[in-house]
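Undergrad: Sequence:
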Amino acid sequence: GLFEPHDLMYELDRNRETDPSLQDMVEVAIKILRKNPNGFFLLVEGGRIDHGHHEGKAKQALHEAVEMDKAIGIAGMMTSERDTLTVVTADHSHVFTFGGYTPRGNPLFGMAPMLSDVDNKPFTSILYGNGPGYKVINGERENVSNIDIHYNNYLAQSAVPLRQETHGGEDVAVFAKGPMAHLLHGVHEQNYIPHVMAYAACIGQNKEHCKTHYPLSCSASTVLATLSTLVLLLLF
1 GLFEPHDLMY
11 ELDRNRETDP
21 SLQDMVEVAI
31 KILRKNPNGF
41 FLLVEGGRID
51 HGHHEGKAKQ
61 ALHEAVEMDK
71 AIGIAGMMTS
81 ERDTLTVVTA
91 DHSHVFTFGG
101 YTPRGNPLFG
111 MAPMLSDVDN
121 KPFTSILYGN
131 GPGYKVINGE
141 RENVSNIDIH
151 YNNYLAQSAV
161 PLRQETHGGE
171 DVAVFAKGPM
181 AHLLHGVHEQ
191 NYIPHVMAYA
201 ACIGQNKEHC
211 KTHYPLSCSA
221 STVLATLSTL
231 VLLLLF
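One point on numbering: in the working numbering, the residue at position 118 of the sequence shown is 118, and numbering is uninterrupted.
Incorrect hints may have been included.
[Unchecked claim] Here are the computed distance ranges between Cβ atoms for each label pair:
1) D7 <-> P194: 23 to 29 Å
2) S80 <-> T166: 37 to 43 Å
3) A173 <-> V28: 26 to 32 Å
4) P103 <-> E17: 36 to 42 Å
Simulated from the structure, these hints should not be mistaken for laboratory data.
Predicted, not measured: the structure shown is a model, and the values here were computed from it.
By construction, the Cβ of each residue, glycine as well, lies at the ideal position given by its N, Cα and C atoms.
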């Protein structure tokens, strides 16, 4: 990459003096691309969210999601819903969950307020269905009460041992705002999303809805030929 020989560092480990944040890079990218009078297409991938989950590092993954949220906020402030379609989605989920009847206000990376009714041991409120966080000590499940579970690289408990945690199979959310955003609602096949983006940007066939000479006072529902399409992809 431009700033690291391989993947960027996790946000919690990032060198603030040498490596930009995701929101920094989004800001610079939009500043450059919006100079084009014909609009632009920008794909932003929060790929370290995915990496954190695969490694069982829930704290790293969730802090990456917070950084992605900040990047989405920056993009929203720098663009207009009148001429920019913004789509935020993920291409898959992970076997990541919260459990144990944790009450409101319980530390996110803390313990569940109950003990297992099988082995009488505590467990964390964040869990994985599988992954590297599965541990057996002397033939029994690890007692996490003696572990620093708030460590940035702590491997969250998992039910099945794997070197790498796997993706999940449930539906993922898709959010959109801007021209033609109404076409993204309810449940869709994943390959439907790029068709919406192409239609909104007047790319390909079916351009009857496209207008090229509307005055600046046109309504917010009008799709301009200079439409900018911004896609922020979260890899959970």
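Undergrad: Now look at each hint and say whether the structure bears it out.
TA: Results of checking the hints against the structure:
no.: 1; hint: D7 <-> P194: 23 to 29 Å; in the structure: holds, 25 Å
no.: 2; hint: S80 <-> T166: 37 to 43 Å; in the structure: holds, 40 Å
no.: 3; hint: A173 <-> V28: 26 to 32 Å; in the structure: holds, 27 Å
no.: 4; hint: P103 <-> E17: 36 to 42 Å; in the structure: holds, 40 Å
Consistency with the previously given hints is maintained throughout, with no hint failing.
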